[in-house]
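A.B. asks: Just so you know, the protein sequences line up as chains A and B, in that order. Every letter in the first sequence is one number past the one before it in UniProt numbering, and letter 32, counting from 1, is 32. Every letter in the second sequence is one number past the one before it in UniProt numbering, and letter 305, counting from 1, is 305.
Hints listed in this document are in silico derivations from the structure and should not be mistaken for laboratory results. Take the hints with a grain of salt, since some may be wrong.
Mimicking BS3-like on lysine-lysine, the simulated pairs with C-alpha atoms at most 30 Å apart in a straight line are [to be verified]:
hint: 1; chain 1: B; residue 1: Lys330; chain 2: B; residue 2: Lys294
hint: 2; chain 1: B; residue 1: Lys209; chain 2: B; residue 2: Lys151
hint: 3; chain 1: B; residue 1: Lys330; chain 2: B; residue 2: Lys315
hint: 4; chain 1: B; residue 1: Lys294; chain 2: A; residue 2: Lys182
hint: 5; chain 1: B; residue 1: Lys130; chain 2: B; residue 2: Lys101
hint: 6; chain 1: B; residue 1: Lys101; chain 2: A; residue 2: Lys182
This structure is a prediction, so every number in the text was calculated from the model and none was measured.
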Amino acid sequence: MPGRRNPLLTFLFAALILLFTGGPVALALYGSLVPDRILLDPNRSVLSEGPSLESYRYVFTGELPASYRQASANRAMISDAARQVPQSLVNSSIIALSAMLLNMLLGAPAAFIYARHAFPGKKLSFMFLILSPLVPAIALVTPIYMMLEGLGLTGTRIGIILVHTAKALPFTVLILSVFFRKMPQELFEAAVLDHCSRLQAFLRVALPLALPSIGATGLFAFMLSYSEFMFSMVLSGDAATRPVSVVMAALARNTDVSWSLLNTAIFIAIVPTLVLVVLVWRFVVEGLLNGSVKG
Amino acid sequence: MASVELKNVSKTFGRVEAVRDVSLTVNDREFVVFVGPSGCGKSTLLRMIAGLESVSSGEVCIGGRPMNDVAAADRGIAMVFQSYALYPHMSVAENMGFALKMLGTARAEIDRKVVEAAAILRLEELLSRKPRELSGGQRQRVAIGRAIVRKPDVFLFDEPLSNLDADLRAQMRVEIARLHRQLETTMIYVTHDQVEAMTLADRIVILDKGRVVQQGRPLDLHERPANRFVAGFLGQPKMNFLPAVAERVGDAIAFRLAADRQPLFSTREGLRLAPGGTAEIGVRPNAISLVEDKGIAAEIVLVERLGGTSLLYLKVDGLPQLVTVELQGKPAATIGSSVRFRFDPADAHVFDGQGRSCRL
Chain A
1 MPGRRNPLLT
11 FLFAALILLF
21 TGGPVALALY
31 GSLVPDRILL
41 DPNRSVLSEG
51 PSLESYRYVF
61 TGELPASYRQ
71 ASANRAMISD
81 AARQVPQSLV
91 NSSIIALSAM
101 LLNMLLGAPA
111 AFIYARHAFP
121 GKKLSFMFLI
131 LSPLVPAIAL
141 VTPIYMMLEG
151 LGLTGTRIGI
161 ILVHTAKALP
171 FTVLILSVFF
181 RKMPQELFEA
191 AVLDHCSRLQ
201 AFLRVALPLA
211 LPSIGATGLF
221 AFMLSYSEFM
231 FSMVLSGDAA
241 TRPVSVVMAA
251 LARNTDVSWS
261 LLNTAIFIAI
271 VPTLVLVVLV
281 WRFVVEGLLN
291 GSVKG
Chain B
1 MASVELKNVS
11 KTFGRVEAVR
21 DVSLTVNDRE
31 FVVFVGPSGC
41 GKSTLLRMIA
51 GLESVSSGEV
61 CIGGRPMNDV
71 AAADRGIAMV
81 FQSYALYPHM
91 SVAENMGFAL
101 KMLGTARAEI
111 DRKVVEAAAI
121 LRLEELLSRK
131 PRELSGGQRQ
141 RVAIGRAIVR
151 KPDVFLFDEP
161 LSNLDADLRA
171 QMRVEIARLH
181 RQLETTMIYV
191 THDQVEAMTL
201 ADRIVILDKG
211 RVVQQGRPLD
221 LHERPANRFV
231 AGFLGQPKMN
241 FLPAVAERVG
251 DAIAFRLAAD
261 RQPLFSTREG
271 LRLAPGGTAE
281 IGVRPNAISL
291 VEDKGIAAEI
301 VLVERLGGTS
311 LLYLKVDGLP
321 QLVTVELQGK
331 PAATIGSSVR
341 FRFDPADAHV
351 FDGQGRSCRL
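Can you make the complete structure from the sequences, with help from the hints?
C.D. replies: See below:
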């Protein structure tokens with residue numbers, strides 16, 4: 001059967017992709033459910049011992065796992081950083097959601113103006129916006145630190161939020177301006193004839209139609225902020241402001257750390273993104289599909 | 001109710017002159033169709049009347065008031081777009097009532113006007129649907145309904161039927177004609193379809209390269225085209241053009257085919273044509289008949305039988321393009337056979353070397 005795709009081959013590729021994307025997540029989940037002594041013992045597995053939630057219990061309540069309460073246990077394997085995970089989740093959520101919100105609030109109007117209106121300096125400023133992500137982030141750490149230090153925003157969540165917003169904004173504006181440019185001109189001419197001002201044309205016609213795309217770019221900004229490490233590390237202060245990425249790094253830096261504890265922290269850190277993707281992605285995809293099907 | 005007046009209106013885009021020095025008046029309650037090939041400036045002209053395009057020079061007046069500096073929304077016009085331009089996220093009723101809502105009209109008032117307009121267009125059952133749930137013809141009716149709700153002084157249509165299939169197009173044409181009688185409002189309609197122009201218009205304005213070439217009642221233009229362009233543009237199937245030379249014979253002018261000097265006809269009618277000059281004779285396909293002897297010899301190249309009528313395409317020696325003949329019924333004609341054809345001199349249009357009609 002020439003020209004027909006082999007279903008077995010398709011399945012094989014799908015399985016490979018799943019293995020690479022889902023595999024690490026599954027491993028982290030497995031590692032978090034069994035204590036180190038079982039994980040590292042070739043003769044025992046979760047099947048013989050059953051899952052244990054003692055690592056989760058420690059992360060959230062500080063109750064030491066049973067195996068480390070014995071006198072001979074190496075207490076150094078219980079990293080204090082693991083106790084910072086819950087607070088860091090709160091911090092990361094606040095930071096990433098704020099960056100996402102700011103991106104949508106600032107990016108959508110900016111993209112609309114770039115897409116549909118002429119103004120002096122439009123080309124130059126757009127070029128600047130689009131090319132700015134090409135500057136390596138590491139080169140900007142020091143100047144941005146000095147700037148925020150001057151504003152008294154180091155060691156605060158607001159500082160990190162501002163930087164993360166600025167990092168995602170070029171992408172938000174670029175993606176949304178392409179979307180706004182694709183909208184038919186006649187739609188806005190009809191709006192003008194229907195007594196809409198520019199602002200009303202944006203709010204009542206462009207915005208409702210762009211909502212799925214705005215949601216998608218917002219999600220993108222969330223992910224970018226949630227996984228960002230360098231600025232988060234430099235700009236965050238004590239445990240009260242530290243986001244997940246920084247806490248994870250602190251945990252992993254401890255060479256003695258319990259595998260179980262590390263895996264637990266990793267899996268906990270993945271959960272918010274998973275939830276967000278499942279909740280938002282469906283809405284975004286449905287919206288995009290609806291928008292693209294026109295008779 | 002209003003008239004529309006254009007005074008020496010021009011529009012340039014950079015170096016391109018889209019509309020050049022157009023002056024014309026559209027009377028109150030008149031249905032005027034702007035027609036011409038693509039790029040002739042007809043849509044630009046309409047958009048200038050609407051206020052969607054600024055006027056480079058000249059003046060646009062609606063109802064006697066100069067409109068050059070009046071915002072599009074305040075000109076008392078409503079426009080129906082080729083792509084319908086319905087708001088995809090609003091229901092039919094919301095689409096139709098949007099302009100009133102933006103003006104701050106009371107909810108009950110909007111509802112009443114929307115229902116009223118929906119009744120005119122038989123859209124009552126569709127009011128709660130979204131545009132994507134409608135067929136092309138229904139969308140176009142909604143777009144027209146949106147215009148009606150605003151109770152405009154002037155309706156502007158920008159190629160409203162060109163996105164519809166042939167069947168629906170004919171149907172909507174009738175609907176628009178009915179609407180014009182019912183609403184008794186000034187309507188300006190842009191199309192490149194000469195059938196729409198011929199059937200809908202009180203008056204046709206033919207544009208070419210940004211200028212008005214000729215305007216008048218549809219049948220007048222059909223029967224007395226001012227030049228070769230208008231003659232070729234109006235009428236389906238298209239007019240035949242035979243290159244010819246004119247000679248003075250006594251007090252008459254005799255025309256011969258330019259190719260092989262076959263005599264065509266001679267006329268005593270006053271013609272603005274210098275004898276000895278080249279000319280083109282225009283004959284509509286339905287004015288030609290086949291004859292046994294005399295006439296012009298030709299060979300049948302193709303026969304199209306349309307049921308009621310048949311189209312014969314004839315090859316004449318020395319003529320670059322085929323001659324189209326429209327005959328009633330189902331004539332016995334076979335491809336490759338030789339025939340002779342003639343036409344009544346009264347049905348012939350004479351155009352001079354510049355393409356101008358030579359009739360006095």
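A.B. asks: In ascending order, which of the hints set out earlier in this document are inconsistent with the structure?
C.D. replies: Violated hints: 2, 4; rest satisfied.
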